[in-house]
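**Q** Here are the chains, one letter per residue:
Number of protein chains: 2
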Amino acid sequence: MASVGVNGAHERVSAAVLIIGDEILSGRTQDTNLRDIARYLGTFGVDVAEARVAPDIIEEIVAALNALRARYDYVITTGGIGPTHDDITADAVAAAFDTELYEHPEILAMMQARWGGELNAARRRMARVPIGGELVKNPVQGPPGFAIGNVFVLAGVPQIMRGMLEDVGPRLRTGAVTISRTVRVEGTGEGAIAAPLEAVAKAHPAMSLGSYPFFGPEGYGSNLVLRGRDAAEVAATIAELIAALTAAGIANVSEVSPS
Amino acid sequence: MASVGVNGAHERVSAAVLIIGDEILSGRTQDTNLRDIARYLGTFGVDVAEARVAPDIIEEIVAALNALRARYDYVITTGGIGPTHDDITADAVAAAFDTELYEHPEILAMMQARWGGELNAARRRMARVPIGGELVKNPVQGPPGFAIGNVFVLAGVPQIMRGMLEDVGPRLRTGAVTISRTVRVEGTGEGAIAAPLEAVAKAHPAMSLGSYPFFGPEGYGSNLVLRGRDAAEVAATIAELIAALTAAGIANVSEVSPS
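Quick mapping for you: the protein sequence lines, in order, are chains A and B.
Counting from 1, one number per residue, gives the positions in the first sequence under the working numbering.
Counting from 1001, one number per residue, gives the positions in the second sequence under the working numbering.
Just so you know, these hints were derived from the structure itself, not from any lab.
Ideal Cβ positions, reconstructed from N, Cα and C, are used throughout, including at glycine.
Worth double-checking, as some hints may not be accurate.
Stated by the list, open to error - To give an idea of the chain A side of the interface with chain B (calculated C-beta under 8 Å), a few residues: (1) R12; (2) Q30; (3) P83.
Here chain A stands alone, though its shape is the one from the complex (with noise of 0.2 Å):
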């Protein structure tokens, strides 16, 4: 299924997705994350071509990555990347890539200057990258993904996943070009963002518009990603969406400068 010779605007650009965690398996969790990561490919021109589920087995991940990797074009994973004993999935990727994990300094670095003294072993274990690596950023909350090979390495917590999922979009091969912006809302949450944000939304169907709020101890906000092909329709929705925003009363928005 993985495509073939030129990228050309009509090859089909297959993904998977591999769900980590025995709570999705048990049923105590619902799964949101495929639905989320389809529909965000799909504006890519990316087809999720298969899924799986597997369990906190170490084996188990390795196995489902193996096959899945090698039969699509990418593999997006998601959840086991926190800093409890049940966190194995950089471990699995790493024994998957046949590599070795080493703690990456720029993630050191954030955790130090986050947690000083309080950095303890089981936080340093979300600074493990494989060897080969490159970090997927992480606008929300905690330290960041990354990235190996054709897999790229997501949180399980939905809002995160989503956030991260804004830094996988630009490295895909794809077709079409997606143009994608963001409006930084600080000081106000959520619930008050939702109304404008999705009238606007349900004015432009053709859009991507998503909302990922972020906080902790320097504040807290939403950045508001809009994506879409039409580049008139793009800017069109930009306007639209701080003029709803700041028709609402909502205060402190500005658009992001592209990075």
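The hints should help you fit chain B onto chain A, whose structure is shown.
**A** Below, chain B without anything else, positioned relative to chain A:
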């Protein structure tokens, strides 16, 4: 992972779930069947050990079904048993079992009573069952599902799927029922919880301990879920975990009442 030998109180009985349908992989439809099946089977002591989502492509369904039915005690499939051209689950199951489909007289009689002269070719597709299969009652609406070997073939529509499940449980060889209890920690992140949790997990290898963090405008913390089959050990582990968290200086620890 399949259990072996005589069914004992602590034998593990395993199942896999195979969700069939392009609409799940495209993100158009949010699957809820995996969660519902996992919870239902859990009450019979049957653990869902793996799940897959396959597209509406016959070779893909056959390959996934054969991999799963060889490995687990049971496989539950959902979706693809309607009247349209993309409903190919029955064909795929027959191919996987190297058998043929035939029009089941009981289903045909139900349909003739329901549709009379309007029983067209598309509707008759839903009367097809593999030779050697048995019916699974549909108490909701429409034709029944079927079972063959260790595979149960159910509808994709959640209400119908749940109704059909009621005719699956009584046919299962059941394992020991898993007891699940939850300790909720509010206002403390996983980084501080990890060490005491891991110490308790290591002391009880027969138990499953998982940490499922939550956060949002209303606060943050984690639900620590303990699962095991021995009631006395579950109770002892809960007590040890609460003591270990308290000894680590963590406040706002309480057991959640079982639902």
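**Q** Hint by hint, say whether it matches the structure.
**A** Hint-by-hint comparison with the structure:
1. R12: This hint is violated: R12/A lies away from chain B, its Cβ roughly 12 Å from the closest one there, beyond 8 Å.
2. Q30: holds, 5 Å
3. P83: Since chain B brings a Cβ to about 5 Å from P83/A, closer than 8 Å, the hint holds.
In summary, the structure is inconsistent with hint 1 from the numbered list given earlier, while agreeing with all the others.
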